[in-house]
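**Q** Sequence:
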Amino acid sequence: MFKKIIGLVTILVLFVGLFSLSTLSRAQELSSQKFIDDFTFDKEEVQVGQNLKLSFEFSEKEEYDLKSGDTLTLTLPPELRGFHTDFPLKDANGTSFGMVHVVDDQIQIVFNDTVEKLLNIRGKFVVTAQAQGVESGESKEVTTNFGKETIPSKTVTIHNPEGGGETPDIFFYKTGDILPEDPSTIRWFLNFNINEQELPDQPIRLTDKFGQGMVMKDKVLELRFSNGQTFTAEEFNDSGYGSIKLEKTGLDIEISGGFLSKKNLIVYYEAEITEFGHMLESFDNYYKLDYNDLSGVVEDSSGATVTNISYGGEIIGELPKKSELKIIKYVVGQPDERIKNVTFSLYTANNTLLADDLVTNETGEVLVTDLPEGTYYIKETAAPANVIFDSEQEYWFSIQSGNEKGILLAVGNERDDTPTVFRGEKVWVDDNNANQKRPESIIVNLLRNGMKIAKQEVISSEEGQWLYAFEDLEKYDGEGNLYQYTVSEEPVPHYESSIQDSTIINTYIKEETGSKEDEHFDPEGITAEHETPVQSGKKEKLMKPIDKTAEKQKKLPNTGEKVTSLTALFWLLYVLGSYMCCYRFVKINEIPFK
Numbered sequence: 001m002f003k004k005i006i007g008l009v010t011i012l013v014l015f016v017g018l019f020s021l022s023t024l025s026r027a028q029e030l031s032s033q034k035f036i037d038d039f040t041f042d043k044e045e046v047q048v049g050q051n052l053k054l055s056f057e058f059s060e061k062e063e064y065d066l067k068s069g070d071t072l073t074l075t076l077p078p079e080l081r082g083f084h085t086d087f088p089l090k091d092a093n094g095t096s097f098g099m100v101h102v103v104d105d106q107i108q109i110v111f112n113d114t115v116e117k118l119l120n121i122r123g124k125f126v127v128t129a130q131a132q133g134v135e136s137g138e139s140k141e142v143t144t145n146f147g148k149e150t151i152p153s154k155t156v157t158i159h160n161p162e163g164g165g166e167t168p169d170i171f172f173y174k175t176g177d178i179l180p181e182d183p184s185t186i187r188w189f190l191n192f193n194i195n196e197q198e199l200p201d202q203p204i205r206l207t208d209k210f211g212q213g214m215v216m217k218d219k220v221l222e223l224r225f226s227n228g229q230t231f232t233a234e235e236f237n238d239s240g241y242g243s244i245k246l247e248k249t250g251l252d253i254e255i256s257g258g259f260l261s262k263k264n265l266i267v268y269y270e271a272e273i274t275e276f277g278h279m280l281e282s283f284d285n286y287y288k289l290d291y292n293d294l295s296g297v298v299e300d301s302s303g304a305t306v307t308n309i310s311y312g313g314e315i316i317g318e319l320p321k322k323s324e325l326k327i328i329k330y331v332v333g334q335p336d337e338r339i340k341n342v343t344f345s346l347y348t349a350n351n352t353l354l355a356d357d358l359v360t361n362e363t364g365e366v367l368v369t370d371l372p373e374g375t376y377y378i379k380e381t382a383a384p385a386n387v388i389f390d391s392e393q394e395y396w397f398s399i400q401s402g403n404e405k406g407i408l409l410a411v412g413n414e415r416d417d418t419p420t421v422f423r424g425e426k427v428w429v430d431d432n433n434a435n436q437k438r439p440e441s442i443i444v445n446l447l448r449n450g451m452k453i454a455k456q457e458v459i460s461s462e463e464g465q466w467l468y469a470f471e472d473l474e475k476y477d478g479e480g481n482l483y484q485y486t487v488s489e490e491p492v493p494h495y496e497s498s499i500q501d502s503t504i505i506n507t508y509i510k511e512e513t514g515s516k517e518d519e520h521f522d523p524e525g526i527t528a529e530h531e532t533p534v535q536s537g538k539k540e541k542l543m544k545p546i547d548k549t550a551e552k553q554k555k556l557p558n559t560g561e562k563v564t565s566l567t568a569l570f571w572l573l574y575v576l577g578s579y580m581c582c583y584r585f586v587k588i589n590e591i592p593f594k
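Using full-length UniProt numbering, you'd call the opening residue of the sequence shown number 1 and step up by one each time.
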């Protein structure tokens, strides 16, 4: 038996492995395919630390149809570091064909199932890399085909000039950059008293303002002095050396008179790029500086610009193949918001039903193949509860022999996204609180599909009504199914609760009190007691009559069950049967006793 189990497990593992391999084999790395048609660098020469834009063009080839899960991986040379980005490849209608991922030395495209529904897929995309890896004072020609023999090689020259030279004869400058590992952040640097010149005992004031597309990051700012002192904004405000005020769109700095004499200061802070900012080509930052040098008052105003990184792509594909119909179901006004689980029926022009089970998939699409030449129409017959549709609306199309492409029908529907409200009231059945047991408030729980999601404390209004309302509730789940809302109530002492729809009814429970007639006195001086809970939470001991007949019956020591002749007979037969089974087993298998 053990060997049989091992064998079955082994077969199961092999089967699962083969199934997984067969599934993975559909998708492949496009290394051997001439998928990339061309690529270009936006510059022929660049310095270390500068950015380089890489543009690629690609297309599907006749010898290979793209499949869901297909990937193309491009490897950057060591001298180029890609900016970390992820972006979709979409067509003009917002349909995604896949994603482009860039991390350090790798660019990867992963295609989804949209590529299996269209023909002649082609497109382009752009990414940005930063030049690095060239020694100071040297230049290097970098030739690459990104590790693909099917891509023609191209060359860019990277220079790294020697540093040094004279320090510029200026008091202040501003600069910024974006790092490859964090392309959503701009680093800004404000550099004061570069040459550490002597300054009079007068304050220095700087106002720094952002252009569009960025906001200040919280708690990132740091002040670094050439004598080794460093401060956060809070520490600097507490130091007595000056003050700094941060806003979402910039900052104001004042440095106390004489403190910066013969010292250099670098103020470092970060700005986060907004959603709108990602669409800009560059980011501008402006400043106004007032200070005194030994010759008098100096006013300076200027700015700095950081170039945004470039990334993005576009893609197109042609309609379905000849004799095919593809239905796309979308939300009106949101073409990229697709609707799944919508059912259509397909009819001929003479109203003959051909299919009544055409259901849109996860991407809101359904494909009908091998349609003969002729005229047809479809009707929408079912949809999720939050989709508004007209079941009588007909959508006509024709398949003609001269057509080289199939038919695409885009059907839009309104979707009910309005919130709902659940209201109810509390009704008391207690003779208008005659016993003064009604509480000042109750707790009502809201349940969605049987799960508690909220609670509310309910009190009496001035008119004596106990009303509750849960507002701004989601009406449908992610599948478009209507949520079922109900309520429950936390237990109320002295009352029994019942619920009818949204009305909670609390009925007063009359307290039962014991009488002398209920008491029983045992002439032998023995009484039996049982505890009955009461609404105060304490326990009241009541006299309980003793059943002398039951007391005289014999009980098992631990369980208290009565011993009967039938029970004794059952256990006797059980022991005897067990003995016979064991004896039979030993005789048949000739097991020797030792």
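In short, the hints are calculated from the structure, not lab data. One thing to keep in mind: the hints can contain errors.
Computed list of lysine-lysine pairs in DSSO-like fashion (alpha-carbon distance at most 27 Å, straight line) [claimed, not checked]:
1. Lys174 to Lys34
2. Lys217 to Lys245
3. Lys154 to Lys209
4. Lys326 to Lys90
5. Lys43 to Lys124
6. Lys67 to Lys43
7. Lys326 to Lys405
8. Lys34 to Lys61
9. Lys405 to Lys34
10. Lys326 to Lys124
11. Lys90 to Lys288
12. Lys217 to Lys174
**Q** Among all the numbered hints in the text so far, which are the ones the structure does not match?
**A** Failing hints, ascending: 1, 3, 6 and 11.
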